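**Student:** Sequences listed follow chains F and V, in order.
Quick note on numbering: my numbering labels position 82 of the first sequence as 82, and the sequence is numbered without any gaps.
Quick note on numbering: my numbering labels position 75 of the second sequence as 75, and the sequence is numbered without any gaps.
Just so you know, the hints here were simulated from the structure itself, not pulled from any lab data.
Quick caveat, the model's predicted, so the values are computed rather than measured.
A hint or two may mislead.
[Claimed, not checked] Each computed BS3-like pair below joins lysine-lysine, with the alpha-carbon atoms no more than 25 Å apart:
#	chain 1	residue 1	chain 2	residue 2
1	F	Lys109	V	Lys198
2	F	Lys317	F	Lys382
3	F	Lys223	F	Lys176
4	F	Lys46	V	Lys61
5	V	Lys198	F	Lys120
Each chain, written out:
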Amino acid sequence: MAKVNYFLTEEQQMIVDLAYQIAVEKIIPVRARLDETEEFPWDIMKDLAQADLFGLYIPEQYGGLGGGCFENCLAVEQLAYGCIAVTTTFAASALGAYPIVLFGNEDQKERYLPDIASGKRLAAFGLTEAGAGSDAAGIKTTAVEDGDYWVLNGTKQWITNGGEAEIYTIIALTDKNKGARGASAFIVEKGDEGFSFGKKEKKMGLRASATRELVFNDCRIPKDRLLGRRGAGFIIAMKTLDLARPGIGAIAVGLSQAALDESVNYARQRVQFGQPIISFQAIQHMLADMATQIEASRALVYAIARTIDAGEKDISKLSAMAKLFPTDVAMKVTTDAVQILGGYGYMKEYPVEKMMRDAKILQIYEGTNQIQRNVIGQALNKEYARK
Amino acid sequence: MPENKVMNIVVCIKQVPDAESVKWDHKTGTLIRDGVKSVINPFDYHAIEAALTLKDELGAKVTAITMGPPQAEEAIREAMSMGVDEGVVVSDRAFAGSDTLATTYTLSKAIKRLGEVHAVFCGKQAIDGDTAQVGPGLAVRLGIPCVTYVSEMEVIDGGRGLRLKRMREDGFDVVEVDFPVLVTTLSTLNTPRVPSLKAKMRARKAKIPVWGASDIGADEKRIGLNGSPTKVHSTYIPKFEAKREFLEGSPEDQVDALITRLKEAGVI
Numbered sequence: 001m002a003k004v005n006y007f008l009t010e011e012q013q014m015i016v017d018l019a020y021q022i023a024v025e026k027i028i029p030v031r032a033r034l035d036e037t038e039e040f041p042w043d044i045m046k047d048l049a050q051a052d053l054f055g056l057y058i059p060e061q062y063g064g065l066g067g068g069c070f071e072n073c074l075a076v077e078q079l080a081y082g083c084i085a086v087t088t089t090f091a092a093s094a095l096g097a098y099p100i101v102l103f104g105n106e107d108q109k110e111r112y113l114p115d116i117a118s119g120k121r122l123a124a125f126g127l128t129e130a131g132a133g134s135d136a137a138g139i140k141t142t143a144v145e146d147g148d149y150w151v152l153n154g155t156k157q158w159i160t161n162g163g164e165a166e167i168y169t170i171i172a173l174t175d176k177n178k179g180a181r182g183a184s185a186f187i188v189e190k191g192d193e194g195f196s197f198g199k200k201e202k203k204m205g206l207r208a209s210a211t212r213e214l215v216f217n218d219c220r221i222p223k224d225r226l227l228g229r230r231g232a233g234f235i236i237a238m239k240t241l242d243l244a245r246p247g248i249g250a251i252a253v254g255l256s257q258a259a260l261d262e263s264v265n266y267a268r269q270r271v272q273f274g275q276p277i278i279s280f281q282a283i284q285h286m287l288a289d290m291a292t293q294i295e296a297s298r299a300l301v302y303a304i305a306r307t308i309d310a311g312e313k314d315i316s317k318l319s320a321m322a323k324l325f326p327t328d329v330a331m332k333v334t335t336d337a338v339q340i341l342g343g344y345g346y347m348k349e350y351p352v353e354k355m356m357r358d359a360k361i362l363q364i365y366e367g368t369n370q371i372q373r374n375v376i377g378q379a380l381n382k383e384y385a386r387k
Numbered sequence: 001m002p003e004n005k006v007m008n009i010v011v012c013i014k015q016v017p018d019a020e021s022v023k024w025d026h027k028t029g030t031l032i033r034d035g036v037k038s039v040i041n042p043f044d045y046h047a048i049e050a051a052l053t054l055k056d057e058l059g060a061k062v063t064a065i066t067m068g069p070p071q072a073e074e075a076i077r078e079a080m081s082m083g084v085d086e087g088v089v090v091s092d093r094a095f096a097g098s099d100t101l102a103t104t105y106t107l108s109k110a111i112k113r114l115g116e117v118h119a120v121f122c123g124k125q126a127i128d129g130d131t132a133q134v135g136p137g138l139a140v141r142l143g144i145p146c147v148t149y150v151s152e153m154e155v156i157d158g159g160r161g162l163r164l165k166r167m168r169e170d171g172f173d174v175v176e177v178d179f180p181v182l183v184t185t186l187s188t189l190n191t192p193r194v195p196s197l198k199a200k201m202r203a204r205k206a207k208i209p210v211w212g213a214s215d216i217g218a219d220e221k222r223i224g225l226n227g228s229p230t231k232v233h234s235t236y237i238p239k240f241e242a243k244r245e246f247l248e249g250s251p252e253d254q255v256d257a258l259i260t261r262l263k264e265a266g267v268i
């Protein structure tokens, strides 16, 4: 049966093959245990480092492979076929690294990117706070100049890789009265004076990933940790998220594909009323919708990631679409997968209940799907106003 | 290891039919090999990992070598994608029909062409032939010590040699050996690493030399069918029938008991 030809280059196919190999050999055998114990997947992070995958999106002069948004999407899609908690851990490091790749000065790039590319140090991104989720402008964490230092105070919430990562990109207010221009981005390192972590959160899904509070209590960091211009914090955050969102769409595609594979394999061998349940139209139609929506998601993510890599600048709307559609599909597909497996699907012996629990976060993190619709809607309004 | 000298490590690998895709011809009672995917012999991945571990620790050049048809270069490329530096395919129509004697002769000639070699790693056996003879036979023809069925390995004296745990039917030995040495690996020795993207890209572009009988200066009487006296009558798993007994009591009692046993056995 023909597969869709996405015209991957030989290198891109290599990325797919290698990430798939890691998913099958290293991630799938341990995913249920990691989910149960909430153990941080350090062993798999080492495999990903050995495979050079942490360097995928880092420029070659800093030890990476110089890939773009598309190459990152190809890798996370395959890793997510194994487990999205593990993949989110990997992807969160990219989210922490993108601000340095996009806005760091030469010295900052040389200091941080080689270690991130080699997988020696994980990165993380800190924007969300207790009172500032969808409304990112509501952040309260402050950074005040004090001689040769910046002094940070405040608490970031639900930070993926919190406590495990060593390099953090943090958005904090530098001029409270300047509104959108009042925030700046900073690089904070684990071990910096006044920087500590809250307890590890217990979650419905995504349990192998670490989620913690970041606590800044008169945290003093040298002046040269300011990332980009003073006042550019929100722009840096938005550009970072615009670049990262197709990756979330790709994670959703990988997860959905895994749920479909489980569903079809089960439906082919589960016998009821004297025949495999895949012979029933009720099941066939569910599977048909799942497969079609997954392929549509994949095509959307690939097309938008390639558009971004082609140098398109105004990408907020496209990037929101690349996150919105595949993640809504993933929630539906994983829910249907549990339905097709019936009672077995609800049991922990089968992987689909975990897939369904995990899928929910995709509609929430990196901007809820309601916010994605806002972004798309506002972009349409702007676009049509110009015509 | 002598200073200022690059350590040379060789890994011998073999392409075997993928066990998952092999089908059985029930009429003839033989394997259907047509259209079957070839993979690296599973035990050989552990040999590759052992060589790379040693390279990580001591610094070395690792060369993978395989004997087989020209398409065996795929196995070399896969080994290189894990971090092996170079590879050679030993291939010639004249090698066809080689038994383990001719194979070890041929491989030894190829390895000698690589120059001074400090360590050779082989999987404990190939899953198609299951002889486990190539490792030890190769060591004999290279004139170096051989430690088989190794499940643990550590470098001793800063790189002078290895301390190896050799598994036996009823226990294990711990062996210390200076380089050069040939080691055959069990799957419990290590966890093979995943390939890396950079190595994969390098492996794809690499030119893999193919050495024939004349390249390695092989004696035509010792290769292929000419050099293979083996005739297979039947295959079976040998039984291990050695007996053992623990003697107890004071050292004097044990000596007395031992002398009695030896007299009974007619040894003394």
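**Student:** Against each hint, give a clear statement of whether it holds in the structure.
**Tutor:** Evaluated hints:
A threshold of 25 Å between alpha carbons decides the hint, and for F:Lys109 with V:Lys198 the separation of about 21 Å falls inside it, so the pair holds. Between F:Lys317 and F:Lys382, the direct Cα distance comes to roughly 11 Å. Compliance with the 25 Å bound is thereby established for this hinted pair. For the suggested pair F:Lys223 and F:Lys176, the alpha carbons sit about 19 Å apart, so the restraint of at most 25 Å is met. This hinted pair checks out: F:Lys46 and V:Lys61 have alpha carbons roughly 23 Å apart, not beyond 25 Å.
The hinted pair formed by V:Lys198 and F:Lys120 meets the criterion: a straight-line CA distance of about 17 Å does not exceed 25 Å.
The structure fails none of the hints (numbered hints given earlier).
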